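As given, the protein sequences belong to chains A and B, one line each in that order.
Residues 0 to 585 (numbering that gives the first Met the number 0) make up the first sequence, in order.
Residues 0 to 326 (numbering that gives the first Met the number 0) make up the second sequence, in order.
Watch out, some of these pointers could steer you wrong.
Stated by the list, open to error - Here chain A is said to cover these stretches of chain B; the calculated rule only asks that three of the stretch's residues, wherever they fall, bring their Cβ under 8 Å from a Cβ of chain A:
#1 102-116
#2 228-242
#3 263-276
#4 288-301
To be verified - To list a few chain B residues with every Cβ distance to chain A over 10 Å, as calculated:
#5 18
#6 57
#7 119
#8 148
#9 225
#10 314
To be verified - In silico SDA-like pairs for lysine to any residue, Cα to Cα no more than 20 Å straight-line:
#11 96(A) x 153(A)
#12 560(A) x 33(A)
#13 436(A) x 33(B)
#14 297(A) x 66(B)
#15 436(A) x 184(B)
#16 436(A) x 34(B)
#17 436(A) x 66(B)
#18 436(A) x 183(B)
#19 436(A) x 181(B)
Just so you know, the hints here were simulated from the structure itself, not pulled from any lab data.
Model, not experiment: these values are computed from the prediction.
A virtual CB, placed ideally from N, CA and C, is assigned to each residue, including glycine.
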Amino acid sequence: MRLIGSALIVALLSGLSVDAAAPTPVAPGEDVLVEKAMSGTHGGRLVVALRAEPRSLNPAAAADAPSREVIGRMIGDLIHIDRSTQSTEAALASQWKRSADGREYTVSLRKGIRFSDGHAFDADDVVFTFRVLLDERTGAPQRDLLIVGGQPIQVTKVDEYTVKVTMAQPYAAAERLFDSIGILPQHLLNEAYEKGAMGQIWSVATPAKSIAGLGPYRLKEYVAGQRLVLERNPYYWKTDSTKRRLPYIDELVFLFTGNEDTQVIRFQSGDSDVLNRASADNFAVLSRDQAANRYQLKDLGPSLEYNFLFFNQNDLTGKTLPQVAAKQQWFGDLGFRRAVSRAIDREGIARLVYRGRAVPLWGNVSPGNRLWINTSLPRLSRSVSEARGMLKASGFSWRQDGQLLDRQGRPVAFTIVTSSTSAQRTEMATLIQADLKELGMNVQVVPLEFRALVDRVFQTFDYDASILGLGGGDADPNGEMNVWLSSGSNHLWRLRQQKPATSWEAEIDALMEKQLVTLDYRERKRLYDRVQTIVAEQLPFIFLAAPHILVGARADLGNFKPAVLDHYTLWNVERMFFRPELRSQR
Amino acid sequence: MKRGVLIASVLAGLHLLVLLAGFAAPYDPAEQARTLPFAPPSRVHFVDADGAFHLRPFVYALTPDPDNFDAYVEDTTQRFPVRLMVAGHLFGVDAPARISLLGTDGLGRDVLSRLLHGGRVSIGAGLLAALCALLVGVGFGTIAGFFGGRIDAAVMRLADLFMAVPWLYLLFAVRAALPLHLDTRATFLVLVAVLGIVGWARPARLVRGIVLSARERTYVMAARGFGAQAPYLLRRHILPQTLGVVLTQAGLLVPQYILAEVTLSFLGLGVGEPTPSWGAMLGSLQQYSVLTSYWWMFAPAIALVAVAISYYALTSMVHERLRLAAS
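All chains should be modelled from the sequences, with the hints used to inform the complete structure.
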């Protein structure tokens, strides 16, 4: 009976005929975007397993990854970053022009296109969207990105299909700001906005007819705890080279699985069609029976994510943390940090933690980011003797039993906190623990529940050292502003600085601010190279490794072209299709 | 009888191995052979690659396959005989070869060495916590049963309270409340103390029942009539009656507390890395890839089952013998 039940579920989820809205024919005067991609076949249902259930379908409020993953398929943006080339491309904006001073953009919109409910799209929707996102009452996570030079960008209507975007100062790579900012339907949301209720709109339980967007899909059905189904947007504004409206696939089904392991199991068993990201361990499991299950697995090389060890150098004035404060003498010592960095076996981390599917890191830019990496940074291999020399020069000494002592004769012992949900970071900490033992340091590894970890790192500052990961968003350095600016919200080693605590942080501030308003790529690269050099010398973060992006999809999925920028697999979902000739292999 | 001796011998052997882990284990449990992650159990040979037989068993060094993270080939160009008494360990082989009879974990640490050293934590916690629970339980049970009245009522209500406490959640709460900087030894002692304190209620109830009935026996009343004081009565006549219950309770509590430690460590709330414990070792099986790929990582589970079954079997035998003796 159970077998029959399972078979029924699989049959239902992977059904060949799907009751989806047929694409409408392209109307005369409709300024659709013609994709040059290979033409595909309409039909089918693509099943994707999510780690958790999305909390909201509100593009102006959702911050959790599963929600963003779903919403990303339901929205359209003005200018889009092509994940495969990492450069910008026209989307809802058919073209744009920058003023000579770099502060103003005139954006021409596509004419005659419609939201997924059939309502016409025009400049009013664009102006409305930015008004909503920039309104503090909305609490939109995108708001910070739209503040340039300390002031919100201004979006004004020029005519029905033209808007003007004005910024307080020139902004490098300003086009990239518009990526993933979904244009909202004013006709549906104006009332909620006027009432100040934008934060409460479009929950997952909202009726499908009340939600509309400009993305390739629109909401069809939500079953709490089980799945969320999107269907083709019949008015989508892209067509293939034969003028057939995209997307090809009728329905997109998101299953809620719980964690990465169940996500992988569902993919392995054929319950889902795409695996957005797998750990190296699970990738190895899948690789072993790849032939039997007929799926395609791809190692895309280094991601933009960087994992790092950092020490708590926060200002602890007003906090009762004498134990941490006593250790900050070591953490603030550059010789100590350099010795730790020199003693860490980064190759070992890449090999053991990521099974070789990672690259060791000595700077904050991963080799996956070819445009911005400073290739001249030294890549110092592990040397315990060099590290001991650095400690000695900083006044440290060793007890007879090998324990490292500081100038006051106190044994050097500290704790590394990691997230208990990340087996990789706990393994990294265990390797570092063994490496630093060779220097006489007594390190304890404490895995904490993720929210408890975030609370310690961002709020209470009650920790000695931690391992975290950042990056993975855009390749442009502007995405890193909040990390490297001394006032940045992710300036993790020393948060909430009123003014830069050190001269090198002040220099980084100046360099980052300057690159932000510099429009020439070469000059920006020179400035950002210097930032990378300072960071590598001062080691506020001790960089460890950048894992590869590992993804998978069923073999019969056409146009599957994963990229190292998020969303790795579904970024071009509208172009994907099932190859009928391979269908029998599923 | 023979079965009892056999079980007791197996248990004694297991405990001895764990007690002498530093000697019996071939490597330090934290030592990482970083070129050998997830290496399978070493194959001990008597016949070499040329077909020649050797009386002394030997192993070959493993060479990692550069294209496959966890695949190895034996380098048959050189034999490494297994030697006894190597550098303070019961057995071993010369470098660069390694002998890992139960394979290695993801960081290249010898699973057998970690199993034996981990047994110290897991079995040690079980034994100490059981001792703690029995001492408190026998003390309270004796006081309640011997003095009766309000003391009895108060102790038994307290026991009811402790029996109603969900111990696992209490342990979670206690562990979460502890500071981050607690070292391995302190964590271990706190675990033992909490397990022991929470578990005193059941033995206390049983002991109380026996004391309650023993103090009414005619020979106890006669001794009391002759002027015997409470300490004498307890020592000479009453507490010996509780021996059977205490022994059987010990036999039940030890595996129960070993399991409790394993559960906590499995959930990451036990002793920290790199100190091994059976629960922490089994924790790696929470990863799908480990669960499906490396069978030798189940070794702590097998050890756990063997220890628990041995304890239960021994308890059953002791109980049967005491019952026969009483009748």
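Flag every earlier hint the structure violates by its number, smallest first.
2, 17
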